[in-house]
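Residue numbers (this note's numbering), protein chains in the order written: chain P, 1 to 40; chain Y, 1001 to 1484; chain H, 2001 to 2139.
Just so you know, these hints were derived from the structure itself, not from any lab.
If you're wondering where the values come from, they're calculated on a predicted model, not measured in any experiment.
Ideal placement from N, C-alpha and C gives every residue a C-beta, glycine not left out.
All the pointers check out, no bait thrown in.
Away from chain H, derived, C-beta distances all over 10 angstroms, residues of chain Y:
| # | residue |
| --- | --- |
| 1 | Ile1023 |
| 2 | Ile1195 |
| 3 | Ile1315 |
| 4 | Val1370 |
| 5 | Val1460 |
Derived lysine-lysine pairs resembling DSBU-like cross-links, with alpha carbons at most 30 angstroms apart:
| # | chain 1 | residue 1 | chain 2 | residue 2 |
| --- | --- | --- | --- | --- |
| 6 | Y | Lys1108 | P | Lys38 |
| 7 | Y | Lys1413 | Y | Lys1473 |
| 8 | Y | Lys1355 | Y | Lys1036 |
| 9 | Y | Lys1036 | P | Lys36 |
| 10 | Y | Lys1473 | P | Lys38 |
| 11 | Y | Lys1108 | Y | Lys1122 |
| 12 | Y | Lys1314 | H | Lys2015 |
| 13 | Y | Lys1363 | Y | Lys1122 |
| 14 | Y | Lys1036 | Y | Lys1473 |
| 15 | Y | Lys1108 | P | Lys36 |
| 16 | Y | Lys1355 | Y | Lys1108 |
| 17 | Y | Lys1473 | Y | Lys1363 |
| 18 | Y | Lys1108 | Y | Lys1413 |
| 19 | Y | Lys1036 | P | Lys38 |
| 20 | Y | Lys1355 | Y | Lys1473 |
| 21 | P | Lys38 | Y | Lys1267 |
| 22 | Y | Lys1036 | Y | Lys1350 |
| 23 | Y | Lys1108 | Y | Lys1267 |
| 24 | Y | Lys1267 | Y | Lys1413 |
| 25 | P | Lys36 | Y | Lys1267 |
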Amino acid sequence: MMFSRDFFTFLVAAALVLTGAGAVTLIALWIRDMIKGKVW
Amino acid sequence: MEHQSAVLPASYGWVLLAILSVIWILLGMYWGRRAKSVEGFMLAGRNVGLALGTATAMATWVTSNTTMLAPQFAYELGIWGMIAYSTAAFGLLLFAPLAKRIRALMPKGFTSGDFIRLRYGKSTWHLFLVISIFYGFTWLISMGMAGGILLNALAGIPYEVGMSVILLVCVVYTLFGGLFAVIGTDYIQSLIILIGIVIVGAGVLSYADFDTSYTHLVDERPMLISVMLPAAIMAIFNNLLFGVGEIFHSNVWWSRAFAMRRGVGKKAYLLAGFFWLPVPIAAGFIALTSGALGINVTSPDMVGPLVAANVLGKIGAMVVFVVAFASLASSVDSLLAATSDLITEDIYRKLINPKASQETLRKASAYIIVGLGLAAWLVCLPRVGTLATVLFFAGPMVGACIWPIATGLFWKKANTRGALWGMLSGSVVGLFAYFELGWYTASLIGAAVSMVVVLIATAVSRHEFDWRRLDEKHPELEGRVESR
Amino acid sequence: MDNDSVSLTSSGSIKLTWHSQAENRDTAIAAFELQRARKADFSDARTYYRGPDLATYISGLANGDYYFRIREVAGAQVLSDWSSPVKVTVEHHSLNLAFTLFGIGGVVFALTVMVVLRGARRTVDPDRKPVTSSRVEGG
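Input sequences plus hints: build the corresponding full structure.
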């Protein structure tokens, strides 16, 4: 039983998108904390 | 060549290393000005917000292993291997409710050792300290060695120099800035890691045709896309439990739980877990394109940088270099800080000098950080290859800590006998399994045995723990109010 | 080739290494050709690798026997005979063992998750006082 080519493609694409989304979210969170004065 | 030649010209490597080192030290000193009290130094004022909290949890869990080992896992164990690696994120996710609970039960706590001592008493505490410091120190050594090996393989920088620079830079900025410096640099490092992985991954994706890669795997390396790969299947939960054990017991994560502002801890760890989940796959898949790209791999631990450099040239190699530096530094600084905190609070203050003042503690902390760095440097210097495998001995030991800690936080009837014998029997049986059955069973068996012991001891116990005993006060330390 | 004439792997991975026999080779043009076959007589052989490296790390092989041999080449010119063959037998771990460990691991993991989630549901809001023994019962 093998992982299909579509699954492989989807897995990698999703991983890259989520990783990028992680970076974006971290920046957004920091901006929000800065505005509220709650960074540390 | 038997060994890959460096993927980056030496001059590039030296310049990058110098620039990164200077920046990191300056940042550490800048943020370190906030660390005025012991609470400031060790716990960043107990007020860290969501952005920094999330970033530090994620970045610290991304070690150089994640960026270098993930491609290796993919290369040897295929798609299942990458997915198995990702399960380490569960350690962060499961710790989220623990972080909230810890903050609630111990608002003035300092270390994981404090919890074990107050919850289970002296003997369990001593055993826990042995496990914890062993794990922390061996992780530190494995990172130091990985740093030296990595910088050597990437840019031809001599092992001794690369290893020394990484340790030295981290010691310096941790010394000056404490947890403020660690967390601040972690934020930058997490962005570097995430963005770097996307750049390399997207670059490889645009260059390598997926159809060709997949067909090549079917023809030449069919087990890498097989669902029934035994080596991967049996390693999955072992890896997962090793990760959970590492995070549940280590002061690296407890200190962050104490450091984060109220209400932040659980969210930060949940987010960190989700951000970490795709990383092994995003970093690892490039190894699976190596065949289709016609790249010959002579050493699986270099497959990641090899493919990156091959596809993206010098830019790719530089990105890998910077990402590697960031992931190394973000883990080494956390280990230095958390292990020295443990030794300062649990050994120096609790066992040697209980009346120590803030100044004395700061000084002790400083000596211990330098001492740890020096000890690690001495052990790393001879580059004993098998040393990195010593870290895996910690697998069953930290696996055996999972149930004592989780039940200790949530179950009133969890008791000393269960915790002590759970940790002990789990460690012993797990280590036995390591040598007799194989590495892929050790953490699993350690955790399972410990779980059974804790369950039995809890079931037969009639004693209930009073949670208020965990709220230990430190009047001698509550002088200065940390500035926001 | 440097490997033993017969090798066994239980993970489908193996590193093959070799070296040049000759002393005065012009290393600028010399390369190696590595062949892989499923039959001992190499009747179904294919070129697996061709290049200057002295090793290759193979992975993902399915159960069975594989035969490898190497020779030195330079462009279209053949510089040496084929080396004596290396046989690699791939025998993956038993799936039964794998699933047993998977099963045990699954149980431990599931129970751990249960402890954490159920405990979390009963945690007092951190802005109120710490839990007292009368309010929340133990597990």
